[in-house]
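Asks: Now for the letters of each chain:
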Amino acid sequence: NAGVTQTPKFQVLKTGQSMTLQCAQDMNHNSMYWYRQDPGMGLRLIYYSASEGTTDKGEVPNGYNVSRLNKREFSLRLESAAPSQTSVYFCASSSIAPTGELFFGEGSRLTVL
Amino acid sequence: QQQVKQSPQSLIVQKGGISIINCAYENTAFDYFPWYQQFPGKGPALLIAIRPDVSEKKEGRFTISFNKSAKQFSLHIMDSQPGDSATYFCAASKGNGETSGSRLTFGEGTQLTVNP
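For the record, the sequence lines run as chains V and H. Our numbering runs 41 ahead of the 1-based position in the first sequence. Our numbering runs 10 ahead of the 1-based position in the second sequence.
Any given hint could turn out to be false.
The calculated DSSO-like cross-link candidates involving lysine-lysine, where the alpha carbons are at most 27 Å apart (straight line), are [what the hints assert, rightly or not]:
id, chain 1, residue 1, chain 2, residue 2
1, H, K52, H, K68
2, H, K68, H, K81
3, H, K52, V, K112
4, H, K104, V, K112
5, V, K50, V, K98
6, V, K98, H, K104
7, H, K67, H, K15
8, V, K112, V, K98
9, H, K78, H, K104
10, H, K15, H, K68
11, H, K52, V, K50
12, H, K52, V, K55
13, H, K67, H, K25
14, H, K104, H, K68
15, V, K98, V, K55
16, H, K52, V, K98
17, H, K15, V, K98
Quick caveat, the hints were computed from the structure, so don't treat them as lab data. As the structure is a prediction and not an experimental result, all values here were calculated from the model.
Sequences and hints are given; from them, build the entire structure.
Replies: Encoded structure:
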């Protein structure tokens with residue numbers, strides 16, 4: 042059981058370049074999320090999708106766009122990367138209550154030079 | 011602003027000791043308090059969670075203590091083992107429905123090292 046799969050695991054970009062992080066889950070979850078993790082700042086929500094066809098901004102959406110391609114896949118796009126977007130990005134998914142437990146992928150480490 | 015503040019940032023304990031990580035929250039509407047554990051190179055995973063209708067929840071060596079009046083909750087790891095070395099995140103949300111992740115506010119994280 043793969044759970045949540047993210048690609049790529051590592052990426053180096055130059056300022057101004059664009060890229061897309063891919064995420065897929067095989068747990069039939071309705072909700073999917075993109076977080077970024079920075080030292081001393083915990084996990085911050087970028088965008089989320091409560092269900093197929095819907096997306097909403099989280100805490101730090103500026104500079105990012107998302108697409109919920111279908112129930113399994115949720116992608117995160119950086120249109121013009123900036124050094125401030127150097128981070129580790131995590132995709133997660135969750136099912137309905139009662140626990141609403143988040144299942145995370147293994148992360149994508151992005152460096153913007 | 012950081013609605014959930016976590017301390018300490020890092021913690022070193024000896025094998026067999028007790029590890030204690032504390033969190034404080036501001037929003038009195040929060041009613042779900044999970045702890046996530048993250049090993050190097052991996053994503054976080056749910057460790058244990060509590061609702062404010064109880065003051066303590068125990069699962070094996072892991073215990074959450076909750077103080078609603080002080081708006082604080084803590085994770086205690088009894089008989090700490092080197093395998094417990096990881097980063098721990100507290101979190102809080104107003105509910106755990108389908109979009110619970112959208113409401114989860116995470117603390118800054120605590121890097122725990124358990125020396126053999």
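Asks: Against each hint, give a clear statement of whether it holds in the structure.
Replies: How the hints compare with the structure:
As the CA atoms of H/K52 and H/K68 are separated by approximately 25 Å, the hinted pair is consistent with the 27 Å bound. As the CA atoms of H/K68 and H/K81 are separated by approximately 19 Å, the hinted pair is consistent with the 27 Å bound. Simply put, H/K52 and V/K112 have alpha-carbon atoms about 24 Å apart, close enough for the 27 Å limit, and the pair holds. Taking the CA atoms of H/K104 and V/K112, the gap is near 25 Å; set against the 27 Å cutoff, the hint holds.
Distance check on the hinted pair: V/K50 and V/K98 sit about 24 Å apart at the alpha-carbon level, within 27 Å; holds. For the hint linking V/K98 to H/K104, the alpha-carbon distance of about 17 Å falls within 27 Å, and the restraint holds. A hinted pair counts as satisfied when its Cα atoms are at most 27 Å apart, and H/K67 with H/K15 qualifies at roughly 21 Å. Of the pairs offered as hints, the one joining V/K112 and V/K98 holds, with about 18 Å between alpha carbons and a cut-off of 27 Å not exceeded.
Taking the CA atoms of H/K78 and H/K104, the gap is near 14 Å; set against the 27 Å cutoff, the hint holds. The hinted pair formed by H/K15 and H/K68 meets the criterion: a straight-line CA distance of about 22 Å does not exceed 27 Å. Pair hint H/K52 plus V/K50 holds up; C-alpha atoms about 11 Å apart against a cutoff of 27 Å. Between H/K52 and V/K55, the direct Cα distance comes to roughly 26 Å. Compliance with the 27 Å bound is thereby established for this hinted pair.
A C-alpha spacing of about 23 Å is found between H/K67 and H/K25, which places the hinted pair at or below 27 Å, so the restraint holds. The straight-line distance between the Cα atoms of H/K104 and H/K68 is roughly 22 Å, inside the 27 Å bound, and the hint therefore holds. Restraint check: the Cα-Cα separation between V/K98 and V/K55 comes to about 25 Å, which is no more than 27 Å; the hinted pair holds. With a CA separation close to 25 Å, the supplied pair H/K52 and V/K98 stays within the 27 Å bound.
Restraint check: the Cα-Cα separation between H/K15 and V/K98 comes to about 23 Å, which is no more than 27 Å; the hinted pair holds.
Consistency note: the structure conflicts with none of the earlier hints.
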